[in-house]
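**Student:** Between the sequences and the hints, there should be enough to build the whole structure, so can you do that?
Listed here are the chains, written in short residue letters.
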Amino acid sequence: MKAKKWVSTLSITAIVFSSVLVGCSSNDKNSSDDGEKVEITLSGWGGNPSEKKLLQQTLDDFEEKHPNIDVKLDIISDQYMDVMKTRLIGGEAADVFYLDAFEAPGLIKTGVLEPLNEYVTDEFDIEDFEKPMLEAFKKDETYYGFPKDYSTLALFYNKKMFEEAGISEPPKTWEELRQVSKQLTDGTDRFGFGVAPELARLQYIAESDGGDVVKEGKANFATEPVIDALQPIVDQHLEDKTLAEPSEVGASWGGEMFGQGKAAMVIEGNWAIPYLEDTFPELEYGTAEVPQINGKQSTMAYTVAYVMNKQSEHKEAAWELISYLTGKEGMETWTSKGFALPTRKSVAEKLGYDEDPLRSALVAGAPYATVWQDSPNLPIITNNFNNQFISAYLGERPLDEALKDAQKQANKEIKKN
Amino acid sequence: MRNSRKFSKRMLREAGQGYTFMFPVIFTLGLFVIGPILYAIYLSFNDVQLLGGTSYEFVGLENFKEIFSDYRAQVSLKNTIFYVAIVVPSQTILALVLAATLNAGLKGQKFFRIVYFLPTLTSSAVLTLIFMWMYNQNGLINQLLKIVGLPTYNWIGDPAIALKAIMIMNIWATAPFFMVIYLAALQDIPESLYEAAELDGANAIQKFWFITVPYLKPVTSFVVIMGIIGTFQLFDQSYIFSGGDGGPNNSTLTVVLLIYQYAFKSLGTMGYAAALAIALAIVIFVATIIQRKFDKEESLY
Numbered sequence: 001m002k003a004k005k006w007v008s009t010l011s012i013t014a015i016v017f018s019s020v021l022v023g024c025s026s027n028d029k030n031s032s033d034d035g036e037k038v039e040i041t042l043s044g045w046g047g048n049p050s051e052k053k054l055l056q057q058t059l060d061d062f063e064e065k066h067p068n069i070d071v072k073l074d075i076i077s078d079q080y081m082d083v084m085k086t087r088l089i090g091g092e093a094a095d096v097f098y099l100d101a102f103e104a105p106g107l108i109k110t111g112v113l114e115p116l117n118e119y120v121t122d123e124f125d126i127e128d129f130e131k132p133m134l135e136a137f138k139k140d141e142t143y144y145g146f147p148k149d150y151s152t153l154a155l156f157y158n159k160k161m162f163e164e165a166g167i168s169e170p171p172k173t174w175e176e177l178r179q180v181s182k183q184l185t186d187g188t189d190r191f192g193f194g195v196a197p198e199l200a201r202l203q204y205i206a207e208s209d210g211g212d213v214v215k216e217g218k219a220n221f222a223t224e225p226v227i228d229a230l231q232p233i234v235d236q237h238l239e240d241k242t243l244a245e246p247s248e249v250g251a252s253w254g255g256e257m258f259g260q261g262k263a264a265m266v267i268e269g270n271w272a273i274p275y276l277e278d279t280f281p282e283l284e285y286g287t288a289e290v291p292q293i294n295g296k297q298s299t300m301a302y303t304v305a306y307v308m309n310k311q312s313e314h315k316e317a318a319w320e321l322i323s324y325l326t327g328k329e330g331m332e333t334w335t336s337k338g339f340a341l342p343t344r345k346s347v348a349e350k351l352g353y354d355e356d357p358l359r360s361a362l363v364a365g366a367p368y369a370t371v372w373q374d375s376p377n378l379p380i381i382t383n384n385f386n387n388q389f390i391s392a393y394l395g396e397r398p399l400d401e402a403l404k405d406a407q408k409q410a411n412k413e414i415k416k417n
Numbered sequence: 001m002r003n004s005r006k007f008s009k010r011m012l013r014e015a016g017q018g019y020t021f022m023f024p025v026i027f028t029l030g031l032f033v034i035g036p037i038l039y040a041i042y043l044s045f046n047d048v049q050l051l052g053g054t055s056y057e058f059v060g061l062e063n064f065k066e067i068f069s070d071y072r073a074q075v076s077l078k079n080t081i082f083y084v085a086i087v088v089p090s091q092t093i094l095a096l097v098l099a100a101t102l103n104a105g106l107k108g109q110k111f112f113r114i115v116y117f118l119p120t121l122t123s124s125a126v127l128t129l130i131f132m133w134m135y136n137q138n139g140l141i142n143q144l145l146k147i148v149g150l151p152t153y154n155w156i157g158d159p160a161i162a163l164k165a166i167m168i169m170n171i172w173a174t175a176p177f178f179m180v181i182y183l184a185a186l187q188d189i190p191e192s193l194y195e196a197a198e199l200d201g202a203n204a205i206q207k208f209w210f211i212t213v214p215y216l217k218p219v220t221s222f223v224v225i226m227g228i229i230g231t232f233q234l235f236d237q238s239y240i241f242s243g244g245d246g247g248p249n250n251s252t253l254t255v256v257l258l259i260y261q262y263a264f265k266s267l268g269t270m271g272y273a274a275a276l277a278i279a280l281a282i283v284i285f286v287a288t289i290i291q292r293k294f295d296k297e298e299s300l301y
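These protein sequence lines map, in sequence, to chains A and B. Residues 1 to 417 (this note's numbering) make up the first sequence, in order. Residues 1 to 301 (this note's numbering) make up the second sequence, in order.
It should be emphasised that the hints constitute simulated quantities derived from the structure, not laboratory data. Built from N, CA and C at the ideal position, the CB exists for glycine as well.
Pulled a few chain A residues facing chain B out of the computed Cβ check, cut under 7 Å: (1) 110; (2) 112; (3) 248; (4) 249; (5) 250; (6) 390; (7) 391.
**Tutor:** Below you can see the structure in the form of structure tokens.
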């Protein structure tokens with residue numbers, strides 16, 4: 001009797017348990033040997049609803065032209081890179097996904113991205129891309145991704161405030177900017193100039209004196225030319241009191257600060273244009289190229305590419321998708337509404353963005369822009385810079401001291417890798 | 001001889017039966033609790049590269065040694081300890097006072113019990129976002145301070161203030177949870193003790209101090225230990241507050257946030273992150289033991 005009970009206990013447990021396990025492992029790979037149709041996944045971060053609609057439209061066009069390929073759009077709305085890295089480690093990542101230029105060198109180094117050189121045809125016309133954006137995803141003559149769009153930075157200025165202050169033209173040089181900031185500032189309610197004290201927004205200023213923020217993959221921003229170039233930002237905040245960061249006036253970013261009328265000028269990118277249109281439709285503003293520093297034009301550029309997962313099982317189909325989305329046709333649909341600027345010169349010309357009153361200043365910056373990217377260690381360097389720069393910005397300690405500490409810490413962390 | 005008789009066939013069978021019943025639990029616990037812990041310990045002794053061909057390289061105690069020369073690890077530990085030192089006593093005292101007032105038999109105390117408990121029911125992420133609105137430069141808190149004529153602060157952007165802003169928020173949010181525990185314990189205090197004290201001429205404060213507080217000691221020690229463990233693991237609030245970087249000027253960088261950064265933000269430092277996590281576990285362990293020690297000594301007296 002006892003033995004029988006034992007057996008039955010065992011079998012019941014086994015049944016219960018195996019049913020649990022079966023429930024977990026529903027992950028059969030659809031090998032699609034018989035059916036022609038393949039499904040590929042595309043991962044990206046979400047945008048605003050109209051952006052999402054536009055992307056869906058581009059994908060629908062693609063599916064129509066390639067009836068044997070189904071594209072599944074997978075939106076990762078938060079912590080995109082964390083999710084992506086975890087999925088890549090687990091072998092569950094999408095076939096095609098977005099990759100910010102900022103993260104590209106690190107990911108290329110690990111070898112999880114498919115080299116795309118052998119897929120590229122003459123028809124794809126690689127020469128058509130804006131060069132700085134294309135180079136951002138290239139390593140040793142190998143392309144790992146093609147930029148889908150980009151934005152540079154430009155000076156946004158409030159026309160009404162300029163008129164009231166009797167200023168006819170946006171500032172052309174950094175000295176002028178500092179001068180007019182004084183005229184435009186009104187106590188602590190309104191600042192002449194709004195700035196985000198982050199390396200991503202300041203790198204071109206930091207390097208304007210000939211210094212290098214990153215040198216041979218290591219932090220190098222505590223050097224004299226970089227400190228000298230950044231000092232005016234700190235001075236303008238502490239001495240002139242005509243410059244503020246968004247949180248000081250209760251805004252979360254420059255566009256909001258500008259829209260609320262708490263800053264007469266900000267330096268922002270293309271993303272601010274649809275935002276201001278939606279949120280502050282009454283605002284009268286113009287854009288101009290970023291003021292010259294030491295007689296030199298400079299700005300930042302931010303770009304994102306489509307890359308292919310090396311572990312993808314449908315590489316041919318994945319390339320079809322990439323080549324369509326970054327091709328002339330797909331890019332034209334995607335950038336037609338102006339949420340992002342096309343990285344192909346021919347598309348930019350066709351859509352007329354170089355003549356657009358608000359976007360021409362952004363397009364003009366493309367050839368001389370510094371792409372926000374450097375060695376794989378840039379995330380570490382940025383984190384340390386941002387953290388310590390703010391203490392100098394707030395006047396808690398001298399800039400050179402803060403940056404020296406930040407550099408030391410960054411390089412220590414880099415050595416760890 | 002005795003031993004061999006002890007494990008008779010029947011006993012083995014019964015043991016087998018028992019373990020079979022327990023198997024699902026042992027398996028799940030092993031897979032999701034014990035397994036990860038052992039794996040984390042293993043990781044902490046290795047140099048780990050997960051992305052693009054997983055590789056482990058045994059480095060011994062190298063990861064642990066690095067903690068001592070890591071400036072950010074020291075800052076995060078300092079922040080966390082400061083946080084624990086302020087938040088644990090404050091929330092414990094606040095919880096006790098709240099519970100005592102609710103137990104005093106005032107009118108409408110059921111209503112207030114619900115109101116006080118509300119913050120605990122809200123998710124901490126949502127609470128943090130709401131507080132960030134209130135902490136905004138032009139937000140509710142600064143407006144109130146202005147009306148009363150007190151100085152206003154840049155709660156989120158000022159390195160000297162940011163961590164304190166999180167403290168205030170957390171004390172407010174966690175105290176009610178411990179208040180409920182105190183409230184349950186307060187019901188257990190025999191009324192006769194208070195009566196006896198009254199006969200001896202004790203006033204309300206004396207009754208609270210000499211009867212309520214000592215009587216609640218076991219509960220207090222539970223509350224303090226839970227508080228220490230909870231506050232040492234501060235992550236979500238400072239993560240949301242700083243947008244993940246522990247800024248401004250590393251002022252909201254906590255140990256767990258730093259672990260997260262090393263594990264997921266920078267590539268190839270998973271082993272070091274695991275070492276930090278184990279170091280944190282040791283710190284919490286030691287802090288709890290110290291707390292227990294204090295408790296024992298007092299109860300002797």
